[in-house]
Amino acid sequence: MRVLPSGGRMWVYVFVGLFLVFLPVFAGDAEISFGIDFMILALAAMALNIIVGQTGLTSFGHAAFYGVGAYSLILLISKVGIPFWLAIIISPFICAVLGAIIGRICLQLVSFYFALLTLAFAELIYIIIHRWYSLTGGDRGLATERIPDIISTPVPYYYLTLFLVTISIITIGFILNSAFGQSIQSVRENRLRAEFVGVNVKLNLLIAFVISSFFTGLAGALYAGNAHTAFPNYAGFMMSGQLLICVLLGGMFYFEGPIVGAFVYVILQTYLIPITEYWPFVFGILIVVIVLLMPGGITSFIRSKFLLFHAKKEKILNT
Amino acid sequence: MNIEMALITLLVGLAQGMLFFVIAAGLSWVFSICNILNLSHGSMAMIGAFLCWTIISVAHSFWAGLIVSALGCACIGIFIEVILLRPIYRRDHIYQFILTFALIYIIQDVIKMIYGAEQTMIMKPSFLMGSVDLGGVMFPTYYFFVIGVGLLIFVLIHWFVSRTKWGRVIRALKVDRDMTSAFGVDVKLVLTGVFAFSCFLAALGAALISPLMAGHIGMDMFFLMIAFIVIIIGGIGSISGCLVGSLVYGVVNSFGIWFFGHWSIAIPYVLLVIVLMLRPCGLMGDPITE
Amino acid sequence: MKILEVEKLSKHFGGIQAVWDVSFKVESGEISAVIGPNGAGKSTLFNLITGHLDCDAGSVIFREREITGLPPHKICRLGLGRSFQRTTVFDRFSVFQNVQSSVIAGKGKTISFFVPVKKQFSEIVFSQLEDVELADKADMLAAELSYGERRRLELAITLVNRPECLLLDEPTAGMSITETEYITMLLKKLAKSYSVSLMLVEHDLNVVFNIAEKIRVMYQGRLLREGTPDEIREDEEVKRIYIGN
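Residue numbers (the numbering used here), protein chains in the order written: chain G, 1 to 319; chain E, 1 to 290; chain B, 1 to 245.
Since the hints were made in silico from the structure, they are not lab data. Note that CB positions come from ideal geometry on N, CA and C, so glycine has one too. Check each hint, because a few of them may be wrong.
Said to hold, decoys possible - What follows is a set of in silico ranges between Cβ atoms, one per label pair, in the way DEER data are often shown:
#1 E:S181 with B:K118: 39 to 45 Å
#2 B:E133 with G:V97: 34 to 40 Å
#3 E:L156 with G:T171: 54 to 60 Å
#4 E:A182 with B:E231: 38 to 44 Å
#5 E:L151 with G:I105: 35 to 41 Å
#6 G:L307 with E:E118: 34 to 40 Å
#7 E:R279 with B:D230: 49 to 55 Å
What the hints assert, rightly or not - Coverage of chain B stretches by chain G, computed from C-beta distances (three or more under 8 Å per stretch; other residues unrestricted):
#8 77-85
#9 92-105
#10 115-122
Take these sequences, add in the hints, and give me the full structure.
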């Protein structure tokens with residue numbers, strides 16, 4: 001399973017990267033806003049795939065970190081008085097600590113039970129956020145006006161997001177490509193054998209979980225920074241489901257899978273919602289189709305078509 | 001809280017617990033026999049509640065509403081199992097999670113399409129309205145009815161599993177699917193049957209709960225969470241465990257609302273976390289093997 | 001030196017006593033086998049020694065250090081390796097990656113985040129692959145190998161860190177006669193050149209009498225007999241439990 005891009009795929013990355021850098025030059029506010037949402041979701045989905053794709057465990061709880069990241073940012077800025085630039089760095093660390101606690105508890109179990117326990121935590125965090133009215137404002141959300149003016153307009157915030165998301169994804173790439181990355185993949189392949197070659201499975205999975213929660217928290221913080229508000233539905237089961245859908249849609253077996261999935265999701269969300277009020281229905285059908293027909297997601301589908309094309313080309317050239 | 005309140009709270013807890021048992025029992029089997037985490041189980045229950053309301057509006061019969069909605073859901077369940085779930089039985093669990101999760105979206109919107117965003121309220125059948133006087137305390141009759149129905153269902157299931165041929169097949173499937181099929185059992189048929197049965201019970205439970213709770217769009221998640229908690233507490237694969245778990249949960253929840261008020265909605269999740277941490281196989285469930 | 005000492009190990013499951021009061025000592029460099037009818041407790045014994053199961057009573061001492069109760073990955077890193085009845089390898093990893101993962105874990109270098117893993121420890125991995133004659137298949141996925149090749153891969157994985165002691169659970173199960181002979185020869189050769197103590201659980205008595213210097217017989221959870229192949233071959237009790245009354 002090739003994780004990182006090389007050769008041809010590298011050029012796709014460069015092209016996309018350049019496109020993103022120059023987007024604000026020729027696009028309007030709507031497209032820039034789309035770009036910000038896409039990049040944040042891509043980061044969150046990439047972070048989730050550290051667990052889902054690399055370790056093989058399904059987590060329904062990642063929205064907890066997304067939500068806590070968002071609320072941490074707003075709370076740090078509005079109630080503690082920390083400047084935005086510091087708050088955006090501290091928030092992911094808060095989520096990492098939460099990830100260590102939740103991970104320590106959940107990783108004792110596998111499969112169904114792990115999924116259920118992560119789900120329970122996601123809902124618990126949602127409830128705490130929702131009901132702790134004095135701290136979080138409950139349903140009304142928590143807003144702040146103290147975001148620096150300099151990034152309160154779309155274009156600067158776009159570049160801030162681009163910068164942070166790019167470094168994050170590159171970092172994740174390095175981590176997945178390292179000995180650590182291979183060790184957690186080995187746990188996915190055969191947990192028993194991983195233990196019996198000397199991998200400290202519990203510790204490695206926990207570290208993966210903490211890294212994953214760190215970056216998910218960063219995504220949530222970025223989102224709140226853009227919206228200047230945090231709402232309870234940033235946490236909760238449905239948000240977790242959204243992240244999982246991105247991962248599945250794009251494909252969990254390739255590094256860029258979650259990015260592609262996030263892109264498709266945001267497109268669908270932007271253009272589907274205005275068309276019909278029954279967009280969850282369309283989404284649901286789409287997911288069912290993908291699970292049944294394209295389980296590897298879009299990236300696997302494209303790759304298999306590409307390989308097929310190559311094979312045919314070879315055949316033609318050789319006859 | 002005085003004795004009278006405590007007794008009523010207890011009765012409410014038991015009745016609710018019994019209803020949760022009916023809703024959740026099927027899910028326990030789907031877990032342990034079909035090996036599927038069916039996230040759309042709550043949605044099936046919700047269909048049952050709405051369907052029951054429709055039938056009662058048309059046919060004016062509570063009993064018709066119960067039976068037809070339960071059967072209707074069973075049919076929907078058969079459709080879902082055959083078309084959507086069979087292809088993914090042997091795949092990684094994540095696919096099952098995501099597919100059944102997508103069903104939540106689909107079913108929610110279909111209900112919205114048909115019924116709009118209104119809430120539906122069912123009246124109890126007239127002979128079940130009113131209360132029973134026990135030792136000076138007035139207990140609503142409906143609760144006793146519900147407890148009775150739940151116990152009857154439990155007894156029927158228990159008899160089925162321990163005394164009939166198909167019951168033995170189900171127990172065999174729990175242990176080893178391949179071996180059972182090697183004995184000439186049409187495993188696919190049985191799995192479909194189990195799934196349909198779980199939908200039947202879910203719908204029945206939801207229909208029975210309707211006079212106590214208005215049918216509304218968020219019902220699916222509500223039922224789903226409770227079903228999970230109940231089967232985890234009781235232990236997966238054990239119907240008796242499910243009963244015990246439901247009753248325990250029902251009573252704890254009922255008293256919990258008194259003591260924790262605003263925060264009582266967290267009770268199910270806190271319980272889930274505690275049980276999964278301390279004894280993941282629940283009170284009476286099959287031990288967990290990796 | 002006694003490389004492995006097992007003292008009064010016991011384990012029960014529910015009402016069944018799987019292993020009961022088993023004690024023995026393994027010499028350094030010894031090639032031995034554990035035999036016995038099905039259900040005798042051989043695999044359970046291995047699970048207890050390697051930390052996969054907690055024992056109810058007794059202790060395990062490896063290289064004069066108590067390892068009872070340690071988690072499997074720590075025991076593995078101390079030099080006690082294990083292969084399984086069902087070939088346990090990393091299916092979607094390449095042959096190279098399979099062995100490489102073992103090297104990295106064995107050296108305690110899994111917690112390394114920023115150095116690409118691709119070429120790490122190549123020489124060690126290739127050298128090991130050559131010893132089991134899989135070097136030409138280094139880039140193939142483990143899932144694509146034949147059954148016998150997967151067994152050899154598992155051997156490579158367990159041997160690459162030069163454990164002092166290796167427990168092999170039915171290494172020749174499901175193999176043809178030629179494959180069995182090949183594996184047996186390979187085991188003998190590598191045991192000598194790597195100075196590894198081998199302990200096999202085996203049902204194929206030809207292999208056992210071919211390779212083992214010492215044989216331990218288990219029956220119904222107990223260690224029935226311990227001796228050289230000749231002694232065991234002549235033993236009336238052993239003959240009886242195998243052939244029946």
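Verification of the supplied hints:
With their beta carbons about 44 Å apart, S181 of chain E and K118 of chain B fall inside the hinted range of 39 to 45 Å. The beta-carbon spacing between E133 of chain B and V97 of chain G, approximately 50 Å, falls outside the hinted interval of 34 to 40 Å. Taking the beta carbon of each, L156 of chain E and T171 of chain G are about 58 Å apart, inside 54 to 60 Å as hinted. Roughly 43 Å separates the CB atoms of A182 of chain E and E231 of chain B, a value that falls within the hinted 38 to 44 Å.
Between L151 of chain E and I105 of chain G, the C-beta spacing of about 36 Å keeps the proposed range 35 to 41 Å intact. Remark: the range hint 34 to 40 Å for L307 of chain G to E118 of chain E is contradicted by a beta-carbon distance near 52 Å. A C-beta distance of roughly 53 Å is found between R279 of chain E and D230 of chain B, which places it inside the suggested range of 49 to 55 Å. For the stretch 77-85 of chain B, the stated coverage by chain G is satisfied: 4 residues place a CB nearer than 8 Å to a CB of that chain, which reaches the threshold of 3.
Beta-carbon proximity to chain G at under 8 Å applies to 8 residues in the stretch 92-105 of chain B; the threshold of 3 is reached and the given coverage holds. Here the stretch 115-122 of chain B counts 5 residues with a CB under 8 Å from a CB of chain G, which clears the bar of 3, and the coverage holds.
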